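Number of protein chains: 2
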Amino acid sequence: LNETGKTDSGAAVIIASKKPFLQVLGGGTTARPPIWLMRQAGRYLPEYRATRARAGSFLDLCYNPELAIEVTLQPIRRFGFDAAILFSDIMVVPHALGQKVWFEEGVGPRLEPVTAADELDRLSYDGFEQVLGPVYQTVAGIARELDDSTALIGFAGAPWTVASYMVEGGGSRDFAKAKAWAYGDPEGFQRLIDLLVEATVRYLSAQVEAGAEALQLFDSWAGALPERALRRWCLAPAMEIVRRVKQQHPSVPIILFPRGAGMLYRDFALESGADALSLDTMVPLAWARDRVQSEVVVQGNLDPILLVTGGEALRRGVLDILETLGSGPLVFNLGAGIVPSADPQHVADLVELVRGWRA
Amino acid sequence: LNETGKTDSGAAVIIASKKPFLQVLGGGTTARPPIWLMRQAGRYLPEYRATRARAGSFLDLCYNPELAIEVTLQPIRRFGFDAAILFSDIMVVPHALGQKVWFEEGVGPRLEPVTAADELDRLSYDGFEQVLGPVYQTVAGIARELDDSTALIGFAGAPWTVASYMVEGGGSRDFAKAKAWAYGDPEGFQRLIDLLVEATVRYLSAQVEAGAEALQLFDSWAGALPERALRRWCLAPAMEIVRRVKQQHPSVPIILFPRGAGMLYRDFALESGADALSLDTMVPLAWARDRVQSEVVVQGNLDPILLVTGGEALRRGVLDILETLGSGPLVFNLGAGIVPSADPQHVADLVELVRGWRA
Numbered sequence: 001l002n003e004t005g006k007t008d009s010g011a012a013v014i015i016a017s018k019k020p021f022l023q024v025l026g027g028g029t030t031a032r033p034p035i036w037l038m039r040q041a042g043r044y045l046p047e048y049r050a051t052r053a054r055a056g057s058f059l060d061l062c063y064n065p066e067l068a069i070e071v072t073l074q075p076i077r078r079f080g081f082d083a084a085i086l087f088s089d090i091m092v093v094p095h096a097l098g099q100k101v102w103f104e105e106g107v108g109p110r111l112e113p114v115t116a117a118d119e120l121d122r123l124s125y126d127g128f129e130q131v132l133g134p135v136y137q138t139v140a141g142i143a144r145e146l147d148d149s150t151a152l153i154g155f156a157g158a159p160w161t162v163a164s165y166m167v168e169g170g171g172s173r174d175f176a177k178a179k180a181w182a183y184g185d186p187e188g189f190q191r192l193i194d195l196l197v198e199a200t201v202r203y204l205s206a207q208v209e210a211g212a213e214a215l216q217l218f219d220s221w222a223g224a225l226p227e228r229a230l231r232r233w234c235l236a237p238a239m240e241i242v243r244r245v246k247q248q249h250p251s252v253p254i255i256l257f258p259r260g261a262g263m264l265y266r267d268f269a270l271e272s273g274a275d276a277l278s279l280d281t282m283v284p285l286a287w288a289r290d291r292v293q294s295e296v297v298v299q300g301n302l303d304p305i306l307l308v309t310g311g312e313a314l315r316r317g318v319l320d321i322l323e324t325l326g327s328g329p330l331v332f333n334l335g336a337g338i339v340p341s342a343d344p345q346h347v348a349d350l351v352e353l354v355r356g357w358r359a
Numbered sequence: 001l002n003e004t005g006k007t008d009s010g011a012a013v014i015i016a017s018k019k020p021f022l023q024v025l026g027g028g029t030t031a032r033p034p035i036w037l038m039r040q041a042g043r044y045l046p047e048y049r050a051t052r053a054r055a056g057s058f059l060d061l062c063y064n065p066e067l068a069i070e071v072t073l074q075p076i077r078r079f080g081f082d083a084a085i086l087f088s089d090i091m092v093v094p095h096a097l098g099q100k101v102w103f104e105e106g107v108g109p110r111l112e113p114v115t116a117a118d119e120l121d122r123l124s125y126d127g128f129e130q131v132l133g134p135v136y137q138t139v140a141g142i143a144r145e146l147d148d149s150t151a152l153i154g155f156a157g158a159p160w161t162v163a164s165y166m167v168e169g170g171g172s173r174d175f176a177k178a179k180a181w182a183y184g185d186p187e188g189f190q191r192l193i194d195l196l197v198e199a200t201v202r203y204l205s206a207q208v209e210a211g212a213e214a215l216q217l218f219d220s221w222a223g224a225l226p227e228r229a230l231r232r233w234c235l236a237p238a239m240e241i242v243r244r245v246k247q248q249h250p251s252v253p254i255i256l257f258p259r260g261a262g263m264l265y266r267d268f269a270l271e272s273g274a275d276a277l278s279l280d281t282m283v284p285l286a287w288a289r290d291r292v293q294s295e296v297v298v299q300g301n302l303d304p305i306l307l308v309t310g311g312e313a314l315r316r317g318v319l320d321i322l323e324t325l326g327s328g329p330l331v332f333n334l335g336a337g338i339v340p341s342a343d344p345q346h347v348a349d350l351v352e353l354v355r356g357w358r359a
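So the protein sequences, as listed, match chains A and B. Take the first sequence: its position 202, counting from 1, is numbered 202 in our numbering, and each next residue is one higher. Take the second sequence: its position 124, counting from 1, is numbered 124 in our numbering, and each next residue is one higher.
Pulled out of the complex, with its shape left as it was, chain A reads as follows (with noise of 0.2 Å):
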């Protein structure tokens, strides 16, 4: 039984950190829901804007431990989250297969696409561990600067959502492209899927030999799609990553974010394997608490816009979650990412709120 919890005795070892986050992971209990934000780690801060203007293109920052270190420090220094993120990008993965991708700005990711299977075979592991080597080295670093107290989560995209990405050569609107093969090709969409799957469950489990603690995947893009085509692309794959890492990993946590999966939510804490489910804004609250805590710890989800306004709003919205999810196993997040225009003064109203709830 060492310190960080890498044993294969499993549960027992998180219940027993001293990490919040990970006790309630674990199946524990805790005095208050931990808290973490999504993208707590960006561009509403100063400091990262600072030190983003450091480095040259974003993968760049993503690229460099030291700076990606920093970033990924910021927050926790300012806010005392439980929780510390990797900073990264979910196209780091489809860069490390030897996709071209570059950041433009104001636009998001920018993909040279790929929209057959027979072009599938330009996809590569030659470079993989040599491109996200200094990904390892700065999950490696966050993990010596943590104290006994905050977690480290590392995380990935979920494969229908980065395939979205690489067919589409970017954001889409109404996925037309990647859709469009999934649903006339489906056997040679499976291929993606499969060595999107591979890769991530590679990626994960090089992130938790550097020193992750738990992990996230997120599937932005659920959303997109209708229900048959949903449980064949996003729960199957996610069973198969989470069922692999488990394999390897069989301590580490691993919390799903299907966003926008609607009443599927519920097939995901029956079937995923998942130990926690991260729940989107638009997932009523009583009926997470009746259909999804009852099987899986629930992590959300308020309005990012919320630490726009702050206020009475606020204070409303993280009581409803708290009054609601708070009895039952809860990580306190917010529903989507923060956005830009978030006030740093309303997030650290947030935790304080979080932190005195009942006491």
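In short, the hints are calculated from the structure, not lab data. For clarity, every value in this text was computed on a predicted model and none was experimentally measured. Incorrect hints may appear among the rest.
As the list claims (entries may be wrong) - Not close to chain B: a few residues of chain A, all C-beta gaps over 12 Å, as computed:
| hint | residue |
| --- | --- |
| 1 | D280 |
| 2 | L322 |
| 3 | S341 |
Stated by the list, open to error - With the C-beta cut set under 7 Å, the calculated list includes, among others, these residues of chain A facing chain B:
| hint | residue |
| --- | --- |
| 4 | S172 |
| 5 | D174 |
| 6 | A176 |
| 7 | Y183 |
| 8 | G184 |
| 9 | E187 |
| 10 | P226 |
| 11 | E227 |
| 12 | G262 |
| 13 | M263 |
| 14 | M282 |
| 15 | L306 |
Unchecked claim - Computed footprint of chain A on chain B, listed as stretches where at least three residues anywhere in the stretch have a Cβ under 8 Å from a Cβ of chain A:
| hint | stretch |
| --- | --- |
| 16 | 78-85 |
| 17 | 148-154 |
| 18 | 180-188 |
| 19 | 253-266 |
| 20 | 278-285 |
| 21 | 336-345 |
By construction, the Cβ of each residue, glycine as well, lies at the ideal position given by its N, Cα and C atoms.
Got chain A; can you put chain B on it based on the hints?
Same frame as chain A, now just chain B:
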């Protein structure tokens, strides 16, 4: 009792209609579900692109009765849909209230934003009827052209969706400005919503008076709001619009499309007073049958990307819907608008599949 069913005797008149679309909305049965498609007049049709090229801006097309009638009728001629829907845009309402609106090619609507309650004075009804006059002429012109079996649908954007464009100045990914206003100054934002409820009631009623036989209210961005906000800014205004339009025109069926409402579709079915709900692609079919179709007529919800791929995936998707929802009151439709890359031959195949079902 007149041919078009515009009397106060209500549902009985609609059921007596020769138009299958109105029969189903009026609570009657038909041998097979009627069909029309959201954005059926659009860029995927070569004849639309030819007519579009004759208009100046996109708004010019909306305000040109001759051309707007023509593009409305093109898909009726080609596919024989059971309903025509007025060719227009939801942005005509803010435009008619005096907001500056224009369309950027490849971007969508752009507006000079209204960002706070004290700017609402810039909006007024002074030019409302004059700006919208050509739209009513278009409705009347379409009504004259349609045969005995094809119904005419009028439409408007729902207050939350229209307000989001008015506040953001166009489309948005996170709705940060619109939500920040709604959360931070709910009384002020309520004034904007109330103004849009009033404007929408006037606009829809005038469409009925010009010849529209059914109405659809599009709340395209309902899914951006958490439950509490969705109830206040989407469900409550929809109830009010339905109530007030039905006061004036009790026999005209109203379809709501609260896109992304997820399990709150059930609440719209129970509380809104609408005759039908249009389901987005994400609503699981069996759930819709048990929880929505048990209360109201349902419309939907094929993924429009299946009209890009066609083939077996299209056939399977259509049969899924027919087999699950086809025995209750159903209007066959898409779960979102047709995309420009849809193949008109696949649309023809779709119509044949629906018409041939159980035949």
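Status of the hints after comparison with the structure:
{"no.": "1", "hint": "D280", "in the structure": "violated, 9 Å"}
{"no.": "2", "hint": "L322", "in the structure": "holds, 15 Å"}
{"no.": "3", "hint": "S341", "in the structure": "violated, 6 Å"}
{"no.": "4", "hint": "S172", "in the structure": "violated, 11 Å"}
{"no.": "5", "hint": "D174", "in the structure": "holds, 5 Å"}
{"no.": "6", "hint": "A176", "in the structure": "holds, 5 Å"}
{"no.": "7", "hint": "Y183", "in the structure": "holds, 4 Å"}
{"no.": "8", "hint": "G184", "in the structure": "holds, 4 Å"}
{"no.": "9", "hint": "E187", "in the structure": "violated, 12 Å"}
{"no.": "10", "hint": "P226", "in the structure": "holds, 5 Å"}
{"no.": "11", "hint": "E227", "in the structure": "holds, 4 Å"}
{"no.": "12", "hint": "G262", "in the structure": "holds, 4 Å"}
{"no.": "13", "hint": "M263", "in the structure": "holds, 5 Å"}
{"no.": "14", "hint": "M282", "in the structure": "holds, 6 Å"}
{"no.": "15", "hint": "L306", "in the structure": "holds, 6 Å"}
{"no.": "16", "hint": "78-85", "in the structure": "violated (count 0)"}
{"no.": "17", "hint": "148-154", "in the structure": "violated (count 0)"}
{"no.": "18", "hint": "180-188", "in the structure": "holds (count 4)"}
{"no.": "19", "hint": "253-266", "in the structure": "holds (count 4)"}
{"no.": "20", "hint": "278-285", "in the structure": "holds (count 5)"}
{"no.": "21", "hint": "336-345", "in the structure": "holds (count 3)"}
Going through the hint list in order, the structure does not satisfy hints 1, 3, 4, 9, 16 and 17.
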